[in-house]
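J.: Here is how the chains run, residue by residue.
2 protein chains.
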Amino acid sequence: MTSVQYDVLGIGNAIVDVIAQTEEDFLVKHGMQKGAMTLIDEARAAKIYEAMGPTIESSGGSAANTIVGVASFGARAAFVGKVKDDTLGHVFGHDIRASGVAFETKPASDGPATACCYVLVTPDGERTMNTYLGAAQNLRPADIDPDQIGRAAITYLEGYLWDPKDAKDAFVKAAKIAHEAGRRVALTLSDAFCVDRYRDEFLDLMRKGTVDIVFANEGELKSLYQTADFHAALGQLRNDAKFAAVTRSEQGCVVVTAASVTPVPAFPIDKLVDTTGAGDLFAAGFLVGLARQADHTTCGKFGALAAAEVIQHIGARPQQSLKDLAAANGLRV
Amino acid sequence: MTSVQYDVLGIGNAIVDVIAQTEEDFLVKHGMQKGAMTLIDEARAAKIYEAMGPTIESSGGSAANTIVGVASFGARAAFVGKVKDDTLGHVFGHDIRASGVAFETKPASDGPATACCYVLVTPDGERTMNTYLGAAQNLRPADIDPDQIGRAAITYLEGYLWDPKDAKDAFVKAAKIAHEAGRRVALTLSDAFCVDRYRDEFLDLMRKGTVDIVFANEGELKSLYQTADFHAALGQLRNDAKFAAVTRSEQGCVVVTAASVTPVPAFPIDKLVDTTGAGDLFAAGFLVGLARQADHTTCGKFGALAAAEVIQHIGARPQQSLKDLAAANGLRV
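These protein sequence lines are chains A and B, in that order. Each residue of the first sequence is one higher than the one before, counting from 635 in my numbering. Each residue of the second sequence is one higher than the one before, counting from 635 in my numbering.
Quick caveat, the hints were computed from the structure, so don't treat them as lab data. Only a predicted model underlies this, so the values are computations on that prediction, with no experimental measurement involved. Any given hint could be a false lead.
Copies of the same chain look alike in the list, so a pair counts if it works inside one copy or between any two.
Below 25 Å or equal to it, Euclidean Cα-Cα: the simulated DSS-like pairs (lysine-lysine) are [as the list claims (entries may be wrong)]:
no. : residue 1 : residue 2
1   : K842      : K876
2   : K740      : K681
3   : K663      : K957
4   : K905      : K663
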C-alpha cells in the first residue's frame, strides 16, 4: 500500500462564481427556483449576467470549495476538475493553488469557456445558483490519475458530477481506484434537484458501497426519499449509507450510522450574509475531522465552525485561516 | 445652458481589483510600500499574482468607485474610462452599468489588457495597491464627449489620470469644457506618491482655478506641501484651493474654504475589514451632498457614512444601497 500524500482529494466541477446581491423579485422575474442550483446554457447565462446587479468574482465549485476549506485547516488536499485555458480558468487555477491545494488537471485548450455560476444572494442570505458548465463538461476518466487517487486517504466526490456526461465515468473510476487502494470514498448529494435527477443512481452508490460517507442537507435527504418527513428519511438513510452527516442549517447537523445518531449544534454567528458554500465548508471541516480520526461530535464541530465562517461574508471560500479559527475556539486540528 | 443630466461625471482609470488578504511580511518580501499605490508593468504583475494568496475580483478604479457610490445614493452618475474588449473589460463594463452609471467609453479592441490592481489587505485592514495600467493608458482627449461633460453638474477627476500619458490631456480638456458650460470641477489627489510625482502640476490646477473642489487625505496633503505639520499644510491648502475636503481616517474629515474650517467626525463602525475605497466612497457621499446643495457638515456626513460602509467588507464598492443606509441613519438624500 502506497503512503498517504493527501488527507482529502476532491473531484468536482471547476467553477468561478459571479455573485450579486439581489431582491426576491429578481428571482421571480427570471423564473429562478430559490435556493436551488439550475443548469443554464450560454444564451441564458448571457441574459442573466446582463440583468444582474454589480458582481464579485470568486473561485467556487462545490467540491473545490470543500477542498480549499480542508487546506485552510492545514490538512493536505488535492483537487481534480476541468477549466479552460482562459482568463477565468487562470483565476480558478491561481486561487486553488494559492490556497495550498494540489491541482494538476490539464486545462482544455479549446471548447467551451471555464464554467461560471451566477449566484444571486437575497437579503435573507439565501443563494440561488445558475450554472453554465462550460469546460467542466470536459472532465473525463483520462483526467483521473490512479496513482494520485491511491495516495488520498479520502476521495470526495460531488453529486453535481452526474450532470456533465463524461464526469460520471470519471467519478466511478476514481471511486473504484480508491477502494482498490484501501481508501475511503465520500459523496455529497449536492442539491435537492440534483438528487431528483439522479435519485436511483445515488441510492445505488450507497447501497452497493461505492461510497462510504454521505453528506446531505435536509432538503437533499427529503428529495432522496421523496418524503417531507425528516425522521423517516433519516431512518432510511441509516439503512442505505454506512455513515452520513446531514446538515440542518441553524439546527446544526446529525451524524448517523446504522448504530448511532449524533446531533451536533450549529456554531453561533453574528450575522448571516451569504449561505453560499455553507454545505461545502461543513464537509471540509467534517472531512478534516475524519482525517484526524476524530469522534462524530468533533467532526460535526469542525464542520459547523467552517460553515459559520463562510456564511458571514460574500463568497464560498474561507476568508480567514480555519486552522487559526479552530484553535481560537478550542478545537485542535 | 444645456440642462443637467448627471449630478456627477467621473473620469478615471478603469480597473478591476484583484484582492487578497495577506500578512505584513508579504509586503516586505516583495518590496511593497505599505498603503501606497505603485505602478507595475506586466512582468511584475504576473510575478505578484503568482505569489498572492487566493483572490476575489471586484471592479475598482478610484473615480469609478466614487461614481458607483454616487449612483448608490440615488444620484445621477456617469463615468468615462478605458477598458479593453476582454473578459475583465466586460466585467468592468457590466458592473458599472449594473450600478446605474452611464458608461459609454468605447473599449479598446487591441493593445494591452484591461487594467488590474493587485490589492493586498493586511490584518490591520490597510490596503497596498499594485496597478498594471494596461488599457487605461489609452484614454485620450477623443474619449471626452463635450456634450456629456456639459450636462454634468460636477466633473470629478482623479489625480491618477496624470500617470497614463494621454489621460492628462483628456483631464484638462474635460475641465475646460466643464467650466465653459458653467459647471464645477473636482479633483482627488489620489495618493501621496502620486502627489509626489505631480506636485507642481496639481498645485497649478488649484491655483489657476482649473479645479474648484479638492479631495485629499492627510498623507496626500502633507505630501503636497512637503511638511509633516498637518495644520500648516491645511493653512496652505486654504490659500490654494477654493474648497477642499480633507479626510483623516478615524478622525473624520475637515471641510475647508478660505473663510471656514468645518470638522466632521467619522461614522462609527463595528469592524474594520478593508480600507480599499474609503477615500473614494467618502468623495461619493460628499459629492452627492454638494449636488443636493447641502451644507459642509452634511456633505461630510454623507461622505463619512459611505466610507464607513465600504471599509467593513472586502472590496471598494458598496455592498448595500447607500440611499437606504443614509435614510436608516436619518440622512435624507
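J.: Check each numbered hint from earlier against the structure, then list the numbers of those it violates in ascending order.
T.: 4
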